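Asker: Each chain, written out:
2 protein chains.
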Amino acid sequence: MVKQERAVRTRKAILTAAARIFEERGYRAATISEILSAAGVTKGALYFHFSSKEELAQGILHEQDQQLPIPDRACKVQQVVDTVLLHAYRLQHDPMVRAGVRLSLDQQAGEVDRRGPFTHWGDIIGELLEKAEAQGELLPHISASETADVLVASFAGIQSMSQVMSDYEDLLDRVNALLRHLLPSAVLPSVLTAVDITPAHANAIADELRISPGQE
Amino acid sequence: MVKQERAVRTRKAILTAAARIFEERGYRAATISEILSAAGVTKGALYFHFSSKEELAQGILHEQDQQLPIPDRACKVQQVVDTVLLHAYRLQHDPMVRAGVRLSLDQQAGEVDRRGPFTHWGDIIGELLEKAEAQGELLPHISASETADVLVASFAGIQSMSQVMSDYEDLLDRVNALLRHLLPSAVLPSVLTAVDITPAHANAIADELRISPGQE
Chain A
1 MVKQERAVRT
11 RKAILTAAAR
21 IFEERGYRAA
31 TISEILSAAG
41 VTKGALYFHF
51 SSKEELAQGI
61 LHEQDQQLPI
71 PDRACKVQQV
81 VDTVLLHAYR
91 LQHDPMVRAG
101 VRLSLDQQAG
111 EVDRRGPFTH
121 WGDIIGELLE
131 KAEAQGELLP
141 HISASETADV
151 LVASFAGIQS
161 MSQVMSDYED
171 LLDRVNALLR
181 HLLPSAVLPS
191 VLTAVDITPA
201 HANAIADELR
211 ISPGQE
Chain B
1 MVKQERAVRT
11 RKAILTAAAR
21 IFEERGYRAA
31 TISEILSAAG
41 VTKGALYFHF
51 SSKEELAQGI
61 LHEQDQQLPI
71 PDRACKVQQV
81 VDTVLLHAYR
91 LQHDPMVRAG
101 VRLSLDQQAG
111 EVDRRGPFTH
121 WGDIIGELLE
131 KAEAQGELLP
141 HISASETADV
151 LVASFAGIQS
161 MSQVMSDYED
171 LLDRVNALLR
181 HLLPSAVLPS
191 VLTAVDITPA
201 HANAIADELR
211 ISPGQE
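Here the protein sequences line up with chains A and B, keeping their order.
End of the first sequence sits at 216 in the working numbering; the numbers just go up one at a time, nothing left out.
End of the second sequence sits at 216 in the working numbering; the numbers just go up one at a time, nothing left out.
Calculated from the structure, these hints are not laboratory results.
Keep in mind the model is a prediction, meaning the values are calculated, not measured.
Treat the hints with care, as some may be off.
Have a look at the derived ranges for each label pair, beta carbon to beta carbon [unchecked claim]:
1) Lys131/A <-> Leu139/B: 45 to 53 Å
2) Glu55/B <-> Thr193/A: 47 to 55 Å
3) Arg115/A <-> Glu208/B: 17 to 25 Å
4) Thr119/B <-> Lys43/A: 52 to 60 Å
5) Arg115/A <-> Gly136/B: 50 to 58 Å
6) Ser166/B <-> Ser166/A: 44 to 52 Å
7) Gly136/A <-> Asp173/B: 25 to 33 Å
Which residues of chain A face chain B? A partial, calculated answer using Cβ under 7 Å [said to hold, decoys possible]:
8) Arg20
9) Gly26
10) Gly116
11) Val164
12) Tyr168
To be clear about the criterion: a stretch of chain B counts as covered by chain A if any three or more of its residues have a C-beta under 8 Å from a C-beta of chain A, and this derived list gives those stretches [stated by the list, open to error]:
13) 26 to 38
14) 47 to 60
15) 141 to 154
16) 176 to 188
Even for Gly, the Cβ is constructed at its ideal location relative to N, Cα and C.
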């Protein structure tokens, strides 16, 4: 293993451990030494990559943003839906994604930039919706950026409720219900009839991107 | 002041102090002794009302549920909207309501029943939507309980995003955008034209119920 590869693996191991500790203890209560012993790395290795707890949290949030995007779809509304479904799938299966979402919603992680994920997702979804608008897929009165904000914020609440009620087991059903309620107000009916928002489709996307549960 | 009245005031003072400490420190990091000194009551008085930190949190969540409901409206969809707008208004102005919402979303408040507020609000909105359905205000395919769940969950996310982005300053605008996106998928257009979802209407409701900012 070349040196750089090892560094990448160490960094990932530290972030994975930090994700677990933040999830168990909350951002504020978590300590660097707990993360150290969970990661099984030396203090020197940790501080080589991250100089503080805040940087660890930012690292997790950043990791979330580096996920493979959905390949281009002809229908941009479908691409938005697929982006949302894939994120829901990852939330069910990837501890790092879960930790990232929780950090953004953690009231106590005050020193972490919690706007990051909201603006990041708002930008991604907003850009796709602008393309959808340009292709004539949206209803004429719709503002792409406003609809993107509503979708991103609602999704944050849907995942919270799903986590509290079923530990994410019902997440894809709840996302499906959300999309059935939001999309008809924003998307042309003739476009909507061809859009797949089913939980089964979420699994198909994960297969397409060759993400297997727990293997990411 | 009769004895019972004093007990009610002491209980309220303790809950208000607990709300502030939970908000500042998070549920897990907060201690009873911090709450004691913030409330300015004796240990004996606190333990007379609440035997643990968990009971304090449940007390705050319960307090939230005791808020005055919206008076009956002829249009049940308007009553749903008014309930949502009033909650948004309270979230902007009442620290106890803010603390309650944050507790329900606090990942670290594991021992607290965080389902409570979701099911409580789901029940209130669900019951109103069933009446709306019975009055023929909803589109025929709509399930009142599913739409209630979507609305409650989305609202939770909208308030999170508003808190993170603007410390609740833009909350009524975001709620307005959410309602513009959700209601057309669930409510008969002829009903919707008469429904007021504006931020100005939220202030009018607060006036109607004689809630003045910070005076609750």
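Asker: Which of the numbered hints above does this structure break?
Answerer: Numbers 1, 3, 4, 5, 6, 8, 10, 12, 14, in rising order.
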